[in-house]
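Student: Now for the letters of each chain:
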Amino acid sequence: MMNQGGNPQNLASVDPNVVENRYIIDASQSQTSSYLPSTTGSGAVPWNTHGVDNRSAENGNISNSTYYHEQHNEPLIRNVQDGQNATSLANSSSLGATNASDYNGYTSYPNASDPYGYGSTGYQGYYSSYQQPPNHSYPQPVGAYQNTGAPYQPNSSFQNTGSYAGPASYSSTYYNHSDYQTAGGYPSSGYSNQTTTWNEGNYTNYTSHQYPNYAADTSASYSSGPSGTSAATSVQYQQHYKQWADYYGQNQTEVSCAPGTENLSVANTSNQVCPVPGVTSGYPTANSQPLPTYTSTWQQDSSSSQMPSVQPTATVNGSHDSYWNHGAQSFQNHHVIPVQQNFQKPLDSNTYDNFQDQNKVACPQGPKSLYPPAQQIPPSYQPPPMQTSPLLDNRRVSKVQIPTNPRIASNLSLGLAKAEKDNSTAVAAKPAYISVALPKTNEQVISHDTADSVLKSGMFPKSLRGYVERALARCKDDTEKTACQAVLKEIITKANDDGTVWKRDWDTEPVFLLPNTDLVNKDLQSTPLSSLPKYKRSPSRRTKSRWEPLPEEKLTDKLASASNNTVKFSGWMHSNEKDRKPISGNMSKENGLSNVKFNPPEHKSGGKNFQLPIKRPRLAANTFNTAENGDASSDSDKEQNITAYYSGAIALANTPEEKMRRENRSKRFEKASGNRADFNHFKPKNAGIGNLYVRRASALLISKNFEDGGSRAVEDIDWDALTVKGTCQEIEKRYLRLTSAPDPSTVRPEEVLEKALLMVQNSEKNYLYKCDQLKSIRQDLTVQRIRNHLTVKVYETHARLAIENGDLFEYNQCQSQLKILYTEGIEGCHLEFAAYNQLCVILHSNNKRELLSSMSRLSNKAKEDKAVKHALAVRAAVTSGNYVLFFRLYKTAPNLNTCLMDLYVEKMRFKAVTCMARSYRPTVPVSYIAQVLGFTSVTPTIEGYDEKDSDGLEECSEWLKAHGASLVPDNSGEMQLDAKASSSTLFMPEPEDAVSHGDTSLAVNDFLTRTSTQPS
Amino acid sequence: MAYLSMGEAHRRITDYLNRFSDAVFSQDVSSLKQLLSFSSNSPFLISLADALNLFQDANRLIKQSDKYSQFGDIILPLFRSLQNYRTGNLVESYQAFEKSANAFIQEFRNWESAWALEALYVLAYEIRVLAERADRELASTGKSPEKLKAAGSYLMKVFGVLAGKGAKRVGALYVTCQLFKIYFKLGTVHLCRSVIRSIETARIFDFEEFPKRDKVTYMYYTGRLEVFNENFPAADQKLSYSLMHCNPQNGANIRMILKYLIPVKLSIGILPKDSILVKFDLVEYSNIVQALRRGDLRLLRQALQDHEDQFLRSGVYLVLEKLELQVYQRLLKKIYIIQKQKDPSKAHQMKLEVIVKALKWLEMDMDVDEVECIVAILIYKNLVKGYFAHKSKVVVLSKQDPFPKLNGKPVNS
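Chains as they are written, first to last, in full-length UniProt numbering: chain A, 1 to 1016; chain B, 1 to 413.
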């Protein structure tokens, strides 16, 4: 017990140690300079505190410039720490309970007692610090670890790789010395190395734990991470990921840290797995395929522990949920099993390796049962893992010191670090393992099933995946999908049991009838619902975490959060929502049974996993992406697929219209955004999921052409192949900004668009309606990449309409498009619009250079044009301030020049009156002002103005008064402007119709009338 | 071209390699410069290009010796660039050159001292010129010219290397000037701002410590920027600095400076001597100056119209156009003088009709309202002191200095 307790503590300590070490290192500057900034970051403070507790001494030692050194030192230190930890543990309480509490604390639960020294507060601080100043502290580390990051990037194929890689590497460095070392040591191996390291680490550390780790990982990857609590964090991370790609990496690292590195590593595998489930087919296959022994145990676990809904979800949609569940369950299983099945664990680890390998693309073989996958990646690794694994077993038995384990694992993972590893393992690894096993046992009670399924994933034939995809493609909605998934799961499990998975020709296998969704739903929901109240915590947390930086949630909030989650997430994953519920149910069970318990195992795993963290970010990212995408394709080459998928997704997402925008955006937001875009892209097609899948498949095909996916330039993508051909026959269509790929069924072909344009031109309705219609026409033109006379006509129509209504924003959009279209040689009224452009530049932008260049661009022929001439004359009048000329031109303006000038009239009048007040003495007749400043419709003779002009006169005096002029009647009763008195009182009143956003077309009244008509 | 034997080609290439590595090792900038200066068209480089075209496997030669191979990243693309340069394939040449330049800057970064600054200057110059030529080639084949932009971003990188502290900072202004040239050519002058800020806000390095020629160029370009902004006092100051410090023997440069300085000076009421316009071939301004002297609006408009394209391109059109008000002022002043000669007591009352008549005589068809407006503006802008009486349509001039001179101050806007 003590040992066990010690182990969790050790793990915890290890985490802090790792972090601390790095920080310390930074402080000491022994490490590379790059680290220093990170250490200085906000994170440093919390960590430092930890470090003080655990290992002040260590830090000094650790200051090694190279990481390898650190490892060596660390183990030793850790031993010391372990001792400390052990004591602390003893103080705290029994194994499981203490662990759980620690874990909670770790996850940021306030409950957590701080037996470990770093307590929840530390993590919270870390989190908070992390979010705010993540950039500062992390970026540098990234630079330092670029090696690891780089290899990783290709795998993920994220556009954001730069940032992403950074965080990944960073996390590894931060939390897992071992991981970091491996990365540093073997930059060439890159991702594969990491994965191998992970395997090794797991393997060595926990033969028994591996599964738990895996589970944790899955959970982490799926939700966030470490155990139930971690899940919440993971969710947050996912959110972060989406929202702030840059930060995401960091967040992940954080998560990994808190949950323990184990989760991270597991997360990697789980991530890979997860995508599959999301997609549907891939996941189930993976589950079935794993090693027989392994699978059997897992399957049993899964069956018992997992909710009925969970299982189907796991196979089909609920990759996330299932994973998560699996994770938790797996933890439990591990705990139970570890002692019994040490050997099996190695096997399991192997399977994991396979998964990873598959994911890595580099190793398509995937489902090899034993080490081979790991070996494939770096041959050197195999021996160490082997050694380590036995050691681990021993350790378990001995249960000596936990802290060493993580590092040892890392060492193992590192080919170079073998010797070190051995040493470390010999010293302390064993005890750590034991401790891990204990917490797990607590959890075991709940269920192992999910983990099994997860493990299995990756072992299925590709054709099966295709089969699943086909089956799912028929589903019209989520309920059908889940039902379908359940059936699929059955089929696959059966096939797997009787060993026909690989024999059957899935390509020709007839697709089963769609199950009755109602029944399925009931099945799915009943179990989860029953458990929901209790368990919602974890799910809710997850959801919340996504949106909130801190994972903390109150129980009462959980329900609401859960619902929120579904809503929020619904955007990108319908299937996920459903899955989540079941998951949450599962989670809740697990959590309910062992929120505390879970946590401890995670802790342990976390400690061990330090090695893993590197992987984790990736994994998390992967999982996240896959989850979002609901990517069904999860096979041996899952990694490839993912990358390909991303690129493909990007390609798809990039409708020609949004090509550039998307490209930029995806760059900005990292891969996550790319995924999202993909998802969105598919989303519109949700009406027909089949369509969606077809699309995706094509996207995948395209993307596969580019081995390096994200790194490939977007220009290389054949846009023609992706251009939509509209089929919609509706003439009227509301504009909706596309957030995803367009659906051909809602896009109108050219002939319909022509009718639509005509309809708009003849419409009696208001500008808002017309603008909306024209925008939708423009959108349809753009997505179909139609650029011809019709396009020009549409833009010209819209531009004129916008001018007429003073909508400069819309006008500018049209004008810039028209400029391009004209230069492409498409005929149009380009002279008319050249004049508009002139006026616009003169009157509404004060850019002299732009004015010059637009003037110099005018051809002689253009200068002969009436409209252009007029525009140039207006320019002259404006630059010289000649208001008389301006208003004469105003009255003789051709086309819509008047409308553009309208927008400048107010300014011009004010300037004029200011000028008059300054230069005229003593008075100026208002009638003259009205005439000169265009208030009267016709230029009257000097003497008289008839009735018609009296209106203008009235208007003029109103205007003058409104602008602070002082008017006095003269002897004959005619109103005069008192120039001297006015010269100091003139002012420009605030425009009455001004709107804060500057767009009067969005005036509140209008908005309210529009929204009020719609049922709430 | 005379027949070139393989051995000769080999010898020439090896010769180049030797000279390159010797120059680097002995930190001999002047010879290194020659090795990089494509546009000098030195016979040595031309013969080397021929040799390279004959002897295709220069790579092997470079790799042969550590002495050369450490510069392989620089020399290999440089050779490729030279080959393409010689065969007139400028786009290819540019691409290779940029690669080479990138490798060079990498090396340069590692060199402690700034000994190779001169070579870097050559590189910066060559890459710009090459990019311009490559763009011309691209444009002629209907492709979008983008090489100059690429050269701009390369030079920005160079600027980053130089702009820090230390001896290398002295080279920052040269690169800045090259960047200006690129930005002005591309019409992306807004990009200048960041560079200017970096130069002008740096306290650690006094502007006067930069080389004179760079200072002159820098002041010329920043002065032009001020012309765009119509910030005439600043433009005057910068362009005058440039004019005072530039090489008095270099007429072309003086002319370039005067091209902007003259409109600026005109705007603040300072007229040049005709002899200067003639000497530096700036006769396009002579009519404008004449119009200002005479108050001849027609002449001004005519001059603007005659040289419209030219003025638009150089960016002084709007500046010159604004001189119109000064011409009106001059015209009014002339009328005033004539009136004063006739009847000094009523000279300060100027009837609007008279002005209209004068303008009509100049064939400027403007009605009373318009002229009234002009007069109002003149008063408003303080070009004329006095007021306008609308009822009697008379400009009442101040008895004291009714037509104040600008004296170096810009017209009130």
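The set of hints was computed from the structure by calculation and includes no laboratory data. Incorrect hints may appear among the rest.
[Stated by the list, open to error] Listing some non-contacts, in silico: residues in chain B with all C-beta distances to chain A over 12 Å: (1) SER5; (2) SER37; (3) SER69; (4) ARG86; (5) TRP115; (6) HIS190; (7) LYS279; (8) ASN382; (9) LYS391; (10) PHE403.
[Unchecked claim] Using C-beta positions, here's what the derived DEER-type ranges look like: (11) B/LYS357 to A/THR892: 44 to 50 Å; (12) A/GLU827 to B/SER144: 47 to 53 Å; (13) B/SER194 to A/ASP970: 57 to 63 Å; (14) A/LYS861 to B/LYS391: 46 to 52 Å.
Quick caveat: nothing in here was measured; it's all calculated off a predicted structure. Ideal placement from N, C-alpha and C gives every residue a C-beta, glycine not left out.
Student: For the pair B/LYS357 and A/THR892, does the Cβ-Cβ distance stay inside 44 to 50 Å?
Tutor: The hint (44 to 50 Å, Cβ to Cβ) is violated, given that B/LYS357 and A/THR892 are roughly 26 Å apart.
Student: Grab the minimum beta-carbon distance between B/ARG86 and chain A and tell me whether it stays above 12 Å.
Tutor: 31 Å, holds
Student: Minimum C-beta separation from B/LYS279 to chain A exceeding 12 Å: can you confirm that?
Tutor: 28 Å, holds
Student: Confirm or reject the statement that B/TRP115 sits farther than 12 Å, beta carbon to beta carbon, from all of chain A.
Tutor: 27 Å, holds
Student: Just checking, B/LYS391 versus chain A, shortest CB gap more than 12 Å?
Tutor: Given a closest Cβ separation of 8 Å, the condition is violated.
Student: A cut-off of 12 Å on Cβ-Cβ distance, and B/SER5 was said to be off the interface with chain A. Does that hold?
Tutor: Given that every Cβ of chain A is farther than 12 Å from that of B/SER5, nearest at about 44 Å, it holds.
Student: Would you assess whether B/ASN382, listed as outside the interface, keeps its beta-carbon beyond 12 Å of every beta-carbon in chain A?
Tutor: Incorrect as stated: the minimum Cβ-Cβ distance to chain A is 9 Å, not above 12 Å.
Student: Taking 12 Å as the cut and beta carbons as the points, is B/HIS190 off the interface with chain A?
Tutor: Violated, because the least Cβ-Cβ distance between B/HIS190 and chain A comes to about 8 Å, which does not exceed 12 Å.
Student: Per the stated criterion, does the least C-beta distance between B/SER69 and chain A lie above 12 Å, as a non-interface residue requires?
Tutor: 22 Å, holds
Student: Could you say whether the range 57 to 63 Å given as a hint is met by the Cβ separation of B/SER194 and A/ASP970?
Tutor: 59 Å, holds
Student: Given a hinted range of 47 to 53 Å, is it respected by the beta-carbon distance of A/GLU827 and B/SER144?
Tutor: The hint (47 to 53 Å, Cβ to Cβ) is violated, given that A/GLU827 and B/SER144 are roughly 23 Å apart.
Student: Using the Cβ atoms, figure out if A/LYS861 sits within 46 to 52 Å of B/LYS391.
Tutor: 47 Å, holds
Checked against the numbered hints given earlier, this structure breaks hints 6, 8, 9, 11 and 12; the rest are met.
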